[in-house]
Amino acid sequence: MMESFRHDVIVVGGGGAGLRAAIAAVEADPKVTVALVSKVYPMRSHTVSAEGGAAAYVEGKGDSLEKHAYDTVKGSDFLAAQDSVDYFVEQAPLELTRLEHWGCPWSRNDDGTVATRPFGGMAVPRTWFAADKVGFHMLHSLFQHSLRFDRIVRYDEHFVTKLLVDDGAVKGVAALDIRSGAMRMFQGRAVILATGGAGKCFPFTTNGNIKTGDGMSLAYRAGVGLKDMEFVQYHPTGLPGTGILITEASRGEGGYVLNAEGERFLVTRDYGVGQKAELGPRDMISRAEILEIEAGRGIKGPYGEFVQLDLRHLGEAKIMAKLPFVRELSKIYAGVDPVHEPIPIRPVLHYMMGGVDTDVRGATPLPGLYAAGEVACVSMNGANRLGSNSLTECLVFGARAGREAVAYGRGASDGQEARLRAAAEEEGARIDALRGRKRGSEKIAALRSEMQTAMESGCGVYRKQESMQQAVSDLARIKSRYDDIALEDASKVFNTEILAALELGAMLDVAQAIAVSAAHRTESRGAHACRDFPQRNDRDFLYHSMVFHEESGPRLDKKSVTITRFQPEERKY
Amino acid sequence: MAPETGEMRKRTFVVTRFDPDKDQVPKTQTYEVACRPDWKVLDALNHIKDEIDPTLSHRWSCRMAVCGSCGMNVNGEPKLTCKTQLADYGEVVEVEPLANFPIVRDLVIEMDGFMEKFKSVKPWVIVAKEKAAEEGPNRQSPEELSAFKQFSMCINCMLCYAACPVVAKEPHFLGPAAIALGHRYNMDSRDEGAAERNEVFRGEGTVFHCSYANECTEVCPKNVDPAAAINQAKLNAVVDWAASFVVKRNG
Chain A
1 MMESFRHDVI
11 VVGGGGAGLR
21 AAIAAVEADP
31 KVTVALVSKV
41 YPMRSHTVSA
51 EGGAAAYVEG
61 KGDSLEKHAY
71 DTVKGSDFLA
81 AQDSVDYFVE
91 QAPLELTRLE
101 HWGCPWSRND
111 DGTVATRPFG
121 GMAVPRTWFA
131 ADKVGFHMLH
141 SLFQHSLRFD
151 RIVRYDEHFV
161 TKLLVDDGAV
171 KGVAALDIRS
181 GAMRMFQGRA
191 VILATGGAGK
201 CFPFTTNGNI
211 KTGDGMSLAY
221 RAGVGLKDME
231 FVQYHPTGLP
241 GTGILITEAS
251 RGEGGYVLNA
261 EGERFLVTRD
271 YGVGQKAELG
281 PRDMISRAEI
291 LEIEAGRGIK
301 GPYGEFVQLD
311 LRHLGEAKIM
321 AKLPFVRELS
331 KIYAGVDPVH
341 EPIPIRPVLH
351 YMMGGVDTDV
361 RGATPLPGLY
371 AAGEVACVSM
381 NGANRLGSNS
391 LTECLVFGAR
401 AGREAVAYGR
411 GASDGQEARL
421 RAAAEEEGAR
431 IDALRGRKRG
441 SEKIAALRSE
451 MQTAMESGCG
461 VYRKQESMQQ
471 AVSDLARIKS
481 RYDDIALEDA
491 SKVFNTEILA
501 ALELGAMLDV
511 AQAIAVSAAH
521 RTESRGAHAC
531 RDFPQRNDRD
541 FLYHSMVFHE
551 ESGPRLDKKS
561 VTITRFQPEE
571 RKY
Chain B
1001 MAPETGEMRK
1011 RTFVVTRFDP
1021 DKDQVPKTQT
1031 YEVACRPDWK
1041 VLDALNHIKD
1051 EIDPTLSHRW
1061 SCRMAVCGSC
1071 GMNVNGEPKL
1081 TCKTQLADYG
1091 EVVEVEPLAN
1101 FPIVRDLVIE
1111 MDGFMEKFKS
1121 VKPWVIVAKE
1131 KAAEEGPNRQ
1141 SPEELSAFKQ
1151 FSMCINCMLC
1161 YAACPVVAKE
1171 PHFLGPAAIA
1181 LGHRYNMDSR
1191 DEGAAERNEV
1201 FRGEGTVFHC
1211 SYANECTEVC
1221 PKNVDPAAAI
1231 NQAKLNAVVD
1241 WAASFVVKRN
1251 G
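Residue numbers (this note's numbering), protein chains in the order written: chain A, 1 to 573; chain B, 1001 to 1251.
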């Protein structure tokens, strides 16, 4: 019989949002226990790779909550839900302060106050930082703090494969224990998805290997809509070849972006960033880089053409104090020392603005299901996220989802155990049938690579109707071939082949949702830049795209945008 | 420019294989791989997994030396495989699971013991009275920050455990990373929990078992210098013990 566990709240994912949700849940009620179910040990979560900082209002710097809200809404190209943005900016300083109390080693001013740095699209320096390893320090501070709570029970290296729904509400999950290969059932009155993004749908990404859209697929398969999926962010400074992130803080600290001729094209040419130059928002700078390369002002390299990030004028002392990780990464993965040479860079897939549809409480339309962090679309980022808003988002909405899940659980039932068990057993049988399944002729790695190629050519920095349509049909074909994959590894213990197969299944769901949403939006807004439709079109497209799972394929729908105090205007810097 | 412009080079990888359901003891398997000149050891393992043998299991994620997943022994030395350049190696490269840990499968080690040690040092801020967020952040000078910052850079990759001669003989030794972590909180101006942690440090199998081999510091991929942390922690634990003795006598 399948082993089962019961907790009040089940958190899926142990990164920034999941850990914060788990801590909030046990703090909300002294009797609540939380299952923290993650496919990796929490400190391996991809939050660890975030570098530049976390945004929040700081007193005495000429900032205000309203300014942070306006920057965020403008950065979103007016597709952000303004109720979510208001809640975010108000909670942001409290959340970053909590993290300070919990030991996060924020960099300091001489007087001992927390230091801040400028960031793209932000009117004032409001980005808190711990040198250039902010995600790493936030994640480790959160994880270490979470160890205080015995009521947070970790199930490390468990891969959730299905949400268990009973009587119209989520009542648990089925998960594969990676180490033993056994399926397990987790019962709980509420489930919080905090599995992060899906960068591995693309071939060239800053994202780690684990970012495969698992939570988005879980919700989608349970009937919850994925919102605004066409809006994927390309970060302007990735290392060619590997896609390793060079933080935006490099520009925040004064770095220049140069073309092959050594020209600061963000200053000398009109790319819409105005006086902000290198501190323009990510979508605009990524586009500028592509246009420079297309105009013949890129530099040819073994991994395609690139432009350059020049930090030399900052000097070794500043680079070592503020950007030591950038120097380390450049040396190891690009073979250049930024103290003496410019860093080769190009736009790289970085972040999903879209995700599982939630309201400002982190609640999805499916009772008992919550989501927070990159997996979710609480709509605070709209069509383009500002750098340093997402780490704070993990905390603000992770905490909110944790509290809301506990409150919801008080009035909810446990679900009918026999029915849940039957559903979990059925899921276990599906996984068992997949393990080492020899019949079939398709290879996981080959299909994954074809999917990634389709996504890059259809949903890149610049898009065309024709190429997006091509991606939609390519993905449909790849998905039907996925049903015919062959697996060679029949063993139970730490079988990473079956994991790769399940992750590919999730990515195909997410990739399809991205491509279908993108192809339908015949306008340009934020990160969605269509060559055939270069203008924003508020009359026809000022709405959130929604994609629902149907047996016949993805079904599109729309949802209205919450606009309160900031009316849409032309987005110019 | 980057060194990736050179020729592909054929290398032989001798990799540990172990499936506890089939094998009594670990064995090795050999793979021939044509490697790009800029590849790291991890790139070759991923190539093997994707193109040659999908049954090979190894852990990895960030491939930028910060998540700590991909530690393995490479030609006998503990390494983060995502930052270990193949260019620094000859034609034959041996990849084994991290030494001094039980093997779960192939290159995957069991880390339960490490996680327990990690938690045992109480790696969180301990204060007599917790502050509300509304009270704002603590002040901490850049000097106070630098007193512990280096010890907060540990990515929990566990290379130091694979290198430590004491861990090899006494698996229950608290070990470099856990001691450095406890010491990190002891050195943090915001923390008031040093007495509790020093109690842990004075227990069986902790700081005083260190034999000054310094291997931990030599293999650390993040320059945490756990050996320095252990030495400082040792001294503090003694001073703290002596001080408590004086207080007791006087009190």
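I should point out that these hints are in silico values taken from the structure, not numbers from a laboratory.
Just so you know, even glycine gets a beta-carbon here, dropped at the ideal spot from N, CA and C.
You may find that some hints are simply not true.
[Unchecked claim] Reference excerpt, derived from the structure (chain A facing chain B, CB under 10 Å, subset only):
{"#": "1", "residue": "45"}
{"#": "2", "residue": "48"}
{"#": "3", "residue": "98"}
{"#": "4", "residue": "130"}
{"#": "5", "residue": "140"}
{"#": "6", "residue": "151"}
{"#": "7", "residue": "298"}
{"#": "8", "residue": "302"}
{"#": "9", "residue": "449"}
Status of each hint after checking the structure:
1. 45: At 8 Å from the nearest chain B Cβ, residue 45 of chain A passes the 10 Å test, so the hint holds.
2. 48: Since the shortest Cβ distance to chain B is 5 Å, the answer is holds.
3. 98: 5 Å, holds
4. 130: 9 Å, holds
5. 140: It holds, given that the least Cβ distance between residue 140 of chain A and chain B is near 7 Å, below 10 Å.
6. 151: Since chain B brings no Cβ nearer than about 14 Å to residue 151 of chain A, farther than 10 Å, the hint is violated.
7. 298: Violated - the Cβ of residue 298 of chain A stays beyond 10 Å from chain B, reaching only about 13 Å at its closest.
8. 302: 5 Å, holds
9. 449: 8 Å, holds
Consistency note: the structure conflicts with the earlier hints numbered 6, 7.
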